[in-house]
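*Asks:* The residues making up each chain are set out below.
There are 2 protein chains.
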Amino acid sequence: MLRHNLFNLISTELEIVETKLTASINSNLDLLNETSTHLIKAGGKRLRPAFVLLAAKFYKDDLTEIIPIAVAVELIHMATLVHDDVIDNSNIRRGVKTVMSCWGNRMSIYTGNYIFARSLALVAAYGRRDIVDVLADASMKICEGEIIQMLSCYNVNLGLKNYLRRIERKTALLISLSCRLGAMISKAPEQGINALKLYGYYLGMAFQITDDILDFIAEEQVLGKPAGSDVKQGVITLPALYALKYDQHKAELSSLLSSPELCRTETDRIIDIVVNSDGIDYAYEKTRHFALKAQKQLNSLPDVPVKEALFDLADFILDRDY
Amino acid sequence: MLRHNLFNLISTELEIVETKLTASINSNLDLLNETSTHLIKAGGKRLRPAFVLLAAKFYKDDLTEIIPIAVAVELIHMATLVHDDVIDNSNIRRGVKTVMSCWGNRMSIYTGNYIFARSLALVAAYGRRDIVDVLADASMKICEGEIIQMLSCYNVNLGLKNYLRRIERKTALLISLSCRLGAMISKAPEQGINALKLYGYYLGMAFQITDDILDFIAEEQVLGKPAGSDVKQGVITLPALYALKYDQHKAELSSLLSSPELCRTETDRIIDIVVNSDGIDYAYEKTRHFALKAQKQLNSLPDVPVKEALFDLADFILDRDY
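So the protein lines, in turn, are chains B and A. Under our numbering, the first residue of the first sequence is numbered 485, with each subsequent residue one higher. Under our numbering, the first residue of the second sequence is numbered 485, with each subsequent residue one higher.
Everything labelled a hint here was simulated from the structure, so no lab data went into it. Worth double-checking, as some hints may not be accurate.
Which copy? The list can't say, so a pair holds if one copy fits it or any two copies do.
Dumping the calculated DMTMM-like pairs for lysine to aspartate or glutamate here, alpha-carbon to alpha-carbon at most 25 Å [to be verified]: (1) K504 with D617; (2) K671 with D617; (3) K581 with D731; (4) K625 with D568; (5) K504 with D614; (6) K671 with D614.
Remember, predicted model here, so these are calculated numbers, not experimental data.
Bound-form chain B, shown alone (with noise of 0.2 Å):
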């Protein structure tokens, strides 16, 4: 349903992503073309692109000046993604093998530095200080975020505040970002941008979320990763959290998540805990909470059908149905 509503808008202009993904990494070297167009080859949502598109929809209908900066913030995602894997050690992304995996440190951090500077090759061509601008400050608070988690690993009294904190930064931000960008250059005027700014902001607090919540209860084939990540590195994520306050178990699940060993070697039985307390019941609600925050700020938008759609995707993670 999601895929369907999205391919009725903006389907053409998203077949034209696809194809500048791969035709914007255009090195004189063999070995960084690969790299950098081997996580493009292996697929993907696509949503951050989506989403600049779909903005932008609001304001214009011929979406041809938005396809450069739709491409850009995706790179820009995958350059961080391909940093990540050095960090996290990750063998899997996608369902394929990782640059890491193939290629090893010294390459991936090259080819995330090399995509990032594509992106930022794609930006300057829109000659605007306000859209480098956000964008220095996404990257920064990104970078910002990654910390957090990192300093925020195995330590089981850090609370909601400072998971929602974490959420914002690795997820929230550029989808946000993504919106305000389709926004800003479809000359959006300044209430438009905002409503659309925070749209994406909530979506992407509820998207994350459900991927947290997926962490726990996905298959690896739907996931296109091992199942319990998150637990195996120590990222305490939403339903966790509601069971370290409140399941019965919480004194033994204190004890396992404290401790960088017992979560890769008992992962199974934090993740029983998890899934048997009522932290992901508590995890979907706020999906909804975030969901329906999302479609309020729809409102002051005009009434085109790309309002309706944009409606949709926050109702289909109100739904559950996926």
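Since chain B is already given, all that's left is putting chain A on it; use the hints.
*Replies:* For chain A alone, coordinates are given in the frame of chain B:
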């Protein structure tokens, strides 16, 4: 003499750059501030900011407007150094422990990305497409250069052309860019921008060859890092390249330099062969060649005091007085 001349003309501005370098790192996360300012506090020649300022001085007396880009260029340089230390697993740079050595790979990757994003924010403030453009282009080429260097390690069959391409990407490009940006922002005429860009390019080539010579002949104290680092990492530089082709011990040298293990264990023997060959003299000759080419670019520029300083800077290299 070098420092003296630079200081006469841009000493006030360089002091402001120094202050702004630390001030520009301004995260809410103490850890990120600490890691990001770690390398700044280690000092450094601030060669790139100096070139930005000197180039601007041809066309402008008040350099207030130039300071942010001078800071940005040094930050970009530092971001690459922080990542390099992860890649090369280096413990010491500029005489102090590296970010990698103090905080590990993970924090170093984040820190490099954060510093780069900070520099981007400074660049954005100019609101000039051409400037973001040349920076994006330079960032891509620097990544490519690092990969070329990586692919060239332990390969004794690559010649002068490969070496020149490597040092171009490694050093000349960013110094050339510094001169170019200084000229661009001070609204120099096209021909002035071009002459300064070429001056920076040739001087950068001369500087890197000098650096490569010093890796063979200088003490650890002078270098701020262990001597023979290039050899240990299998990076074959000009003096070695010459010895590989013409020295009586070329067969031995070739078998040593093509083995990662022998590069580490037989470093002293390798240095010995190269230092006793004519490779060092040959490299000095190349340095001289580039320094003269740099000086030649100055001819067409306005006769202001900075012209003499830039001429002397190239002379300084010709003098071997370092």
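*Asks:* Take the hints in turn and mark each one as holding or not.
*Replies:* Results for each hint:
no.	hint	result
1	K504 with D617	both (24 Å within a copy, 19 Å between copies)
2	K671 with D617	both (17 Å within a copy, 23 Å between copies)
3	K581 with D731	neither (37 Å within a copy, 46 Å between copies)
4	K625 with D568	both (15 Å within a copy, 23 Å between copies)
5	K504 with D614	both (24 Å within a copy, 22 Å between copies)
6	K671 with D614	both (12 Å within a copy, 22 Å between copies)
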